[in-house]
Every structure is written in C-alpha cells, then in structure tokens.
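Peer 1: Going down the list, the protein sequences come from chains V and F.
Letter by letter, the first sequence follows residues 1 to 112 in the numbering used here.
Letter by letter, the second sequence follows residues 1001 to 1112 in the numbering used here.
Treat the hints as calculated values from the structure; they're not laboratory data.
Predicted model, so just to flag it, every value in this text is computed and none were measured.
Beyond 10 angstroms from chain F on every Cβ pair, some chain V residues (computed): (1) Asn18; (2) Ser30; (3) Lys68; (4) Lys71; (5) Ile111.
Only pairs whose alpha carbons sit at most 27 angstroms apart, straight line, appear in this in silico BS3-like list of lysine-lysine: (6) Lys1051(F) <-> Lys42(V); (7) Lys1044(F) <-> Lys42(V); (8) Lys1044(F) <-> Lys71(V); (9) Lys68(V) <-> Lys1044(F); (10) Lys1027(F) <-> Lys42(V); (11) Lys1051(F) <-> Lys1071(F); (12) Lys1062(F) <-> Lys1044(F).
Beta-carbon label-pair distances, calculated as ranges: (13) Gly1028(F) <-> Arg61(V): 23 to 31 angstroms; (14) Ala79(V) <-> Ile1054(F): 38 to 46 angstroms; (15) Gly1016(F) <-> Asp31(V): 41 to 49 angstroms; (16) Arg51(V) <-> Met1005(F): 25 to 33 angstroms; (17) Gly41(V) <-> Gln1017(F): 23 to 31 angstroms.
We put the beta carbon where it would ideally sit given N, CA and C, even for glycine.
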Amino acid sequence: GESVGLHLPTLSVQEGDNSIINCAYSNSASDYFIWYKQESGKGPQFIIDIRSNMDKRQGQRVTVLLNKTVKHLSLQIAATQPGDSAVYFCAESRPTGNQFYFGTGTSLTVIP
Amino acid sequence: NAGVMQNPRHLVRRRGQEARLRCSPMKGHSHVYWYRQLPEEGLKFMVYLQKENIIDESGMPKERFSAEFPKEGPSILRIQQVVRGDSAAYFCASSVNNSPLHFGNGTRLTVT
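Next up, chain V with everything else stripped away, as it sits in the complex (with noise of 0.2 angstroms):
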C-alpha cells in the first residue's frame, strides 16, 4: 500500500504486505529528516533519520528514501505487522536553529 501524507492520511494494508508512507517537505535548505511512530496515547517514537548527504538508509524492516530534487522523504516499511498500525510523521530540520518542523502524519492501519 501507498499513501501521499498530505493528500491522503489514512492507509491500510494487508498484514505482510509492504507499506510505503509518503511526505512532501517544504524547505530546500533542510538537511536532516527523521521518522516517528506515534501509537494511541503515547508520545511520538523515533524510527529511523537520514541527512542530506544520503539518499537511502536501511533499518530493521524499515527504510527511508530521500529525493531532494523534488523534496520527498518516503518510509518504507516491509512485512508489514499488526504492531505497525499508527500514525507515522515525518520532520525536517534546517542547518540554524536546532529546529523540527513536523508534516500532517499518515495513519497506517494493518489488517490481519
């Protein structure tokens, strides 16, 4: 399953299939993007980042692909599993200021 964060911020995908969550960034000038998990009731969990040098970093199940021509971060999560339903954010940060700015969030919904 695909979803586009802004457009559409609901997903749903069949338990085992490959999710792939998308985000459209704002800034050029922004260097260092990272990836939360956010699960009803909790604060957002750290998942996975990437700087602006690299185009693609791997995790356990999880990776993130950065296209900075056209400013798009995806996350890319395989096999995906019922524990995976949340909403996911993408945040971008620039080189002054130590500052996050977070996109809308996408809700992943897993059907077994």
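Following the hints, complete the assembly by docking chain F onto the known chain V.
Peer 2: The following block gives chain F in isolation, referenced to the frame of chain V:
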C-alpha cells in the same frame, strides 16, 4: 536511562484556572521543545528552550502561555486563565545538538 518524563499525564482544569505542565528531559539533554497536538492532528511547535534561555517561541500564543527551563529542575509550560480551546495533548521533547528529538508521553489537558 530514563526517557523524557512528563507530568501529570492527565490534567483537568476549569475555565479561568492555571495549568502547569512539567517536563524532565533525558539525562544530558540541554534542548527542550514543547509541542501541542489536537485529536487527529499533527504536532504544532510551540517553543524551544535551552537552559535558562528561550531560543524560539514563535509558536507560542502571545497571551496566557509561558515556558521556562531553569538551571535546576524541569521545564515548565504554564497556561494562565485556561479556556476550552486549550484542551489538547502537550508533548515535550529533548535533544542534544544535531540529534533526533526524544518525546515524552505527553500531558492531556482538559478544560471544563
């Protein structure tokens, strides 16, 4: 190693009362951020502080809201004369330079 600690988890105030939200950052973290989240919405930046200094308060309402991060003790977000529109989840995050934000589990403020 304790994470970001916020208290109380839930706070109920009547209109016109004051709300005080506390945040203890992760050990060794000198940057503190406050975010506000309404149901089904993203995280809205409020203020960024370092010890004894407000670095960026561009997201804070001009009236009734204040924040501090004293040399000793937790960071405090203070809301005076609360109104129903202040009801939200307030998240604190901490970091060190050039590193991801680590979030607490939030304080859920309800104004009756």
